[in-house]
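Participant: Let the hints inform the model, and build the full structure from the sequences given.
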Amino acid sequence: MSETLNLRSIPSMPSIYINYILNFDRVRDLYRWDYRNVESVNKAALSCRSGFADKTEIGQILLKQNRRFGCDRSVEDNIEKLCEGGCAVVTGQQIGLFCGPLYTVYKAATAIRLAEELNRAGPDRHVPVFWMECEDHDILEAGHIHILGSNHRVLTLTAYEKPARRPTGSYRVDERVAELIRQLENNSPKSEYLDSVLKLLKNSYKPDLLLSEGFARFMQALFKGKGLVVIDPTDPEVKGMSSDFYLRAVQKWAQINDAIVEASSRLKKLGYELQIEIKKKKPPFFVIKDGQRLPLSWEGDGFSLGEDGMKLGQAEIESIARETPEQLSPNVCLRPLLQDFLLLTNAYIAGPGEISYFAQIAPVYDILDMDMPAIVPRAELTLVLPAVGRTLKKLGAKVDDFLVSEKKLTDDFLDKAGALSGLKIIDDARTKLEELLNQTCEKLLDLEPEMDRPMETCRKKTTYQLSRLEEKLKTLSRKKNETLLTQIENAQSHLLPMGRLQERVLNITYYLIRFGLDFPQRILSEIDPFDFGHNIVRL
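Under numbering that gives the first Met the number 0, read the sequence shown as residues 0 to 538, first letter to last.
What the hints contain is simulated information worked out from the structure, not anything from laboratory work.
The reader is advised that the hints may include incorrect statements.
Calculated cross-link-like contacts (lysine-lysine; reagent style DSSO-like; alpha-carbon spacing at most 30 Å) [as the list claims (entries may be wrong)]:
(1) 223 x 63
(2) 189 x 205
(3) 280 x 63
(4) 280 x 161
(5) 288 x 251
Facilitator: Take a look at the structure:
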C-alpha cells in the first residue's frame, strides 16, 4: 500500500476538493461525470459536445507549433490522431520559468498517464495535450523559481521583478533569463548531471525566443517520446479559429455571469469557500490593446476599458469577436470552455483549486451548448530525498508530522525526545504561584482595598519571569540538541518549503540536477491516474 498524506491535514486544501476525493457522492451533482475509473471517463468521450473547431485545421496548426517546439515523432503521431477524431486529455498551467512549480510537471505527467490507461482499455484514440496559459499578466508569479540551496534553505531566483499588464507569453528571453541560469548553476550542488541540465535550459530558452516557446521546448524535452502535444492559444491562427466561441461568449456574457453567481451562492450555502469571485459587471474576457490585457466593465450603456475608461459598445465587442478575435482573451471562467471548443476534450486534469471552481462554472457549459468533460484530479506527490528519509526514520516520524509550523515542529520533537521535561516543572510552579497569588490577593484586599493595582503588577511580573524561564530552557535545549534540530529543519525545508506543499514551491531543475534528465520518467512511473491520494515518493 502506498504511503500517503492525510488530505484533511494539508494546509489550505479546499473543502470541496476534499469531498471530491474522499466523499464524491456529496458533490456528484455539481459535476457532469464520475472520474474514478476508466469506464466513467470513457463515457465522457462518447457523449462529448465539444471540439467545434475543424479537426484538420487545428491539427495543422498544432503540427507547426510543436515542430517549432522541437517535438519528436510520438507527438506528430498524436496530432494525427486528433485530426482523425481522437479525444484530448487536456491539462494546462501558466507558463512559469522552467515549467514553474513541480505541480505543473505533475499535471503534464498525469495527462500522459491517463491517456495511456484509456488507450490500454481501448480504443487507442486519447491524446495528452498541455494548454499553455500565456495570457495571464502576472509576470511576478511566472518570472521566478524556487530551489533548495546548499544549506537546505529555499532560494528564490528571479528574472522578472516589475509588474505589468502584458501577457506573460509576450515577454522574450533576454539577459535576465541567462542570469537566472547562471544563478542556478552557482547555487546548485555539484553533480554529474549539472552540465546536461544547464545545456537543456540554454537550448530551451534561447535568446529572443518568447517565454512561451521556451516553456514549450523545455516541456517537450522533459517528456520526450511520450506524445505530449503542447498548444499555444495566443497563436494568431488559433485565435482566428476561436471567433465563433468569443462571439457566443460576448453575446451571452451577462447570462454567463448570472449563472456563475447563482452557482457560487449555492456553493456558499453548502458551506464551501469560493475559488473565483465574480463581479456581475465584469464580463468573462479581456481586451488586448497595445500589448496590454485590459479588463472591461459594463456601465449600463456600454463597456469601459481599463483604467482610462475608453468606451466600447456591445456591437463593437461583437465586431472584435468576428473580425479580430486575437484582441480577446478569456478569463479563468471561460478558459476551460475555449479549450473544449477547440479540442475534442473528454478529460481535464485539474488541481485542487481548479476542481473547486469547476463547480462554479459548470452551468456555463449549458449556456454555450457544450459538455463539461470529466474532471480528473492531477497527481499529488511529495518527494523524499534519501537523507530526508533517514532523518524521518531516526525520528520515528512520518511526512504528516511536518505539516505544521517550524516552531511547533521543533518543540514537538524536543518534547518527544524529553528535552523539554523542565517545562512541566515550570508549569507546575506557575499553577502553584497562581493559587498562592490568588490567596494572597484576597487576604490583602480585605485589609487594604488599594492593594489591587500593586498585586496585579506583581502577577504580571511573575508571569513574565516564568515565561522568560521557559524561553531560556527552550534555548538551552535547542543548543544541546542542535544537530537534531538542524536535521529536522532541513527535512522540513524539503517537505514543506516556505510553509507550503513542496509541489507548490520547488522547481524541477533541483531534482534534474540531482537525479538526471530521466527523472520525469521516474515521476511517470509513480503515477497511477486512478489513485487520488497525495502520495509520498521516496527517492
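Participant: Compare the structure with each hint and give your call.
Facilitator: Hints versus structure:
1. 223 x 63: Holds, at roughly 17 Å.
2. 189 x 205: Between residue 189 and residue 205 the Cα gap is close to 24 Å, so the pair holds against 30 Å.
3. 280 x 63: violated, 39 Å
4. 280 x 161: holds, 29 Å
5. 288 x 251: Holds, at roughly 22 Å.
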